[in-house]
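All chains, full assembly: derive it from the sequences and hints.
Residue numbers (the working numbering), protein chains in the order written: chain A, 3 to 473; chain B, 6 to 351.
Derived from the structure by calculation, the hints contain no laboratory data. This structure is a prediction, so every number in the text was calculated from the model and none was measured. Hints may be right or wrong, so weigh each one.
Reference listing, derived: stretches of chain A covered by chain B, where coverage requires no fewer than 3 residues with Cβ under 8 Å from a Cβ of chain B [claimed, not checked]:
no., region
1, 240-250
2, 338-344
3, 397-407
4, 433-442
5, 448-458
The calculated lysine-lysine pairs, modelled on PhoX-like cross-linking and capped at a C-alpha distance of 20 Å, are [as the list claims (entries may be wrong)]:
no., chain 1, residue 1, chain 2, residue 2
6, B, K159, A, K23
7, A, K111, A, K89
8, B, K152, A, K464
9, B, K159, A, K464
10, A, K111, A, K215
For each residue, glycine too, the CB sits at the ideal point set by N, CA and C.
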Amino acid sequence: MSMKDFNFRLLEFWSDFRREKAGLIGLGILLFSVLVVLLEPVFLPYKDVNGNWRNISYWEDNSDSAPPAWTNIFTTKKSATTRQFDKPAVTEEEDASYGPVKMYSFPYKYGYDLPPLDLIIRARASGMALMLLELERPDGLIVNLGEMYRDGLEDDDIRFAIDTESKANVFDFAREYASAEAISTSDAQNIKPSYILFSKTGTDMLSARDALKGEYFLHIKVPAFLLEDENNTLDDVRLVVTGRVSGILGTDTSKRDIYSGVVAGLKWALFIGIITSVISVLIGVLYGIISAYFGGFVDTAMSFVFEVFVSIPVLPVLIVMSAIFKPSIWIIIASLIVFSWVGPVKTVRSMALQIKEETYIEAANALGATKWRIIFKHMAPLLLPYSFANMALSVPGTIVFEASLSLLGLGDPTIITWGQILHDAQVSGATLNGLWWWIVPPGLLIALMGATFAFLGFAMDKILHPKLRTR
Amino acid sequence: MYKWYALKRILRGLFMFALLMFIMSLLFNQVNERTQRTQIFEQVKIESMRLKDVKAEQLEAWRSNRLDQLTKLYKLDRPLMERVLFRAINSLTFNFGNSTVIKSSRGDQDVLTIIMEALPRTLILFSTAAVVQLFIGIWLGLKKAQKPGGRLDKSTSFVTMIVFGMPAWWLAMMLILLFVYVFKLFPSGGLNSVPTPEGIMFLLDRIWHMVLPLTTLILLGFWGLSFVIRNIVLGVLQEDFIMSARARGIPESRVLFGHTMRTAAPPLVTIALLNLLGSISGAIIFEGIFSWPGLGNLYWVAVQQNDIPVLMGDLAITVGLYQAGLVLLDLIYGFLDPRIKVGGKA
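Here's what the structure looks like:
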């Protein structure tokens with residue numbers, strides 16, 4: 003079959019395929035998924051999710067079990083969302099106690115009913131770091147949040163969480179306004195700083211928590227003399243507002259951003275699904291052709307091997323193998339191929355038996371073509387199109403197999419797959435605690451990928467099959 | 006003769022089972038032997054603790070003696086092939102030994118007892134689901150085939166493709182979320198409530214616990230089945246003898262059930278049963294979601310507890326069941342298709 007022939011058949015196929023609505027939907031979703039995989043960094047809010055999925059400290063600034071941010075639309079009391087600020091306004095100021103200071107300011111517009119859970123200041127510093135933290139409220143009050151002092155740093159990350167480190171300062175602030183009775187029943191250890199900082203002042207401010215909406219400024223003041231010393235550097239000053247709701251798909255109990263995990267899992271689902279089915283179907287088709295063409299003893303032996311593989315229940319064997327050998331993702335893919343090449347063999351073999359008797363095969367034989375030339379040049383091109391539908395239809399099963407292994411906790415821990423996300427959800431009892439944003443998206447995507455390839459496969463099957471029958 | 010055909014098929018199934026057991030025994034030989042050695046060591050330790058009034062040297066001698074004895078008993082001192090064969094024969098005779106962690110409800114550590122306790126629970130769940138699926142699948146498949154390209158056919162085919170790659174265990178999680186967390190209608194899992202009620206209430210309680218697992222299996226199961234049945238029936242409906250039957254004025258229901266279904270029966274039964282077999286092997290995970298203590302849940306527990314003997318026994322029984330299913334399938338096929346019995350080619 004020459005290139006021209008191939009192009010012609012491809013065009014012919016495309017003109018048929020265009021009329022299959024479901025097939026086009028499938029193709030559309032597949033192309034979009036490939037696009038997402040190629041442009042993954044654009045879609046990822048947490049760029050370093052690959053490799054950091056199981057790194058607890060990478061996620062420590064998030065809140066745990068936070069619902070998606072858009073759930074605010076359906077609630078009467080709006081919750082603050084998780085946000086990150088990394089571009090402070092830098093000015094030179096004069097401070098009463100510090101003298102000349104360099105001031106980093108983060109404006110934060112607060113328009114929610116329920117305050118964030120924490121404010122976290124992060125920076126990268128060398129040498130000595132000393133900073134005074136203040137929060138300027140819309141009502142003009144300035145709250146001293148305390149000082150951060152670290153020494154002996156070598157380009158280290160520094161972190162200051164007001165929820166744990168500003169309790170005393172915030173309690174002092176509340177003491178000025180709240181009633182003596184409320185203060186006497188409370189102490190600095192059992193208050194929640196962010197609740198007080200984002201509420202109106204008043205005698206009942208410890209219990210009422212009326213949200214004070216408006217624009218807040220977080221000021222970070224660093225003494226100017228400190229930065230004049232070349233040994234001391236301070237870069238990359240950031241503010242993280244830890245909200246009660248977070249991102250597109252919320253967070254899990256380990257504070258991980260589920261949306262990032264789901265996007266990062268897409269490439270693995272596609273990769274595992276496609277590579278496994280393409281290779282295994284190709285093997286199966288060749289196996290069927292060779293078995294049929296050679297016939298005799300070869301056919302008997304190959305049919306026997308085929309029968310052995312058919313009588314193996316794949317998933318249980320895979321589970322036991324993974325449990326014992328703890329394989330990497332490559333070994334898992336390899337064993338998936340070993341067990342799933344049998345799919346097309348039976349059909350291909352019976353079709354190849356018919357083609358073998360055609361006159362043009364006889365003619366090729368008479369012209370002195372070798373066996374392998376006949377198999378690859380005359381039989382395989384005829385039978386391969388049939389296998390395309392088969393490939394597409396075996397992708398969903400493969401994705402589900404990998405997800406099932408991961409669900410049992412037998413996946414490769416160095417990558418992120420949807421099955422592993424669901425495993426963590428299952429282990430943490432997400433179903434019984436109503437963390438739907440943790441369970442629905444990964445499973446829905448597994449199902450969506452399955453549907454995509456089913457659309458493609460059924461459409462191709464419809465187009466390619468009758469043609470083969472007429473030959 | 007059908008009985009020779011049946012005998013041949015059963016023998017081939019047994020041979021295949023034996024072969025698979027041998028392969029498994031070879032594949033997992035190392036880990037099996039490691040577990041066995043640990044178990045022997047534990048046993049000797051426990052036995053030596055029971056001994057009283059013995060001197061240290063005597064104890065040491067007794068220990069090494071006993072260790073040797075047990076090693077010989079389990080043939081751990083023999084060459085590799087003999088060990089593999091010995092283990093394969095053990096699996097074939099369902100002699101799986103003792104578990105390391107898992108216990109049966111009576112506290113038994115015999116692997117076979119543990120598995121036999123789980124087996125009926127799996128069978129009742131899956132056979133009930135299979136029967137319901139078959140009925141819905143056949144009914145829907147016939148409906149679809151009667152008006153191919155119609156609204157019902159198109160919409161149900163669309164749903165079939167949507168659920169094509171949906172894992173049963175995920176649907177199970179969703180149903181738990183919906184019916185246990187939101188509506189609080191059903192229990193989240195298990196076999197019976199605690200404390201277990203008696204009499205008629207026991208039965209009702211069991212059914213109450215089975216609703217969600219059954220719904221999951223049925224909701225996903227019948228779509229693919231009805232799609233395949235549609236294709237087979239559609240092929241038969243286009244045959245000439247159907248047209249002639251209709252021309253003779255035979256009522257449509259008899260054309261459908263008498264003529265069409267009889268002709269379509271052999272491939273239909275094959276595909277339907279294959280479908281079910283496939284779903285059972287795939288739905289193994291799903292028992293764990295409902296903590297339904299069957300064979301599938303046993304995999305979960307065994308994997309988590311790293312209980313190798315139970316894992317091996319469970320695998321052997323699953324392979325055996327799968328094999329039995331395949332044999333049964335061929336037997337029914339042979340029964341329905343007379344060409345098979347006389348040795349002709351289908």
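Hint-by-hint comparison with the structure:
Coverage of the region 240-250 of chain A by chain B is violated. Counting CB-CB distances below 8 Å, 0 residues qualify, and the rule asks for three or more. With 0 residues carrying a beta carbon less than 8 Å from a beta carbon of chain B, the region 338-344 of chain A misses the three-residue requirement, and the given coverage is violated. By the rule of at least three residues with a Cβ nearer than 8 Å to a Cβ of chain B, the coverage given for the region 397-407 of chain A holds, with 7 such residues. With 7 residues carrying a beta carbon less than 8 Å from a beta carbon of chain B, the region 433-442 of chain A meets the three-residue requirement, and the given coverage holds.
Chain B is given as covering the region 448-458 of chain A, and this holds because 8 residues of the stretch bring a CB closer than 8 Å to a CB of that chain, at least three being needed. Restraint check: the Cα-Cα separation between K159/B and K23/A comes to about 12 Å, which is no more than 20 Å; the hinted pair holds. For the proposed pair K111/A and K89/A, the alpha carbon gap of about 15 Å is at most 20 Å, so the pair holds. A distance of roughly 18 Å separates the Cα atoms of K152/B and K464/A; the hinted pair therefore holds under the 20 Å criterion.
Between K159/B and K464/A the CA atoms are separated by roughly 14 Å; this keeps the pair inside 20 Å, and the hint holds. Restraint check for K111/A and K215/A: the C-alpha separation of about 8 Å stays at or below 20 Å, so the hint holds.
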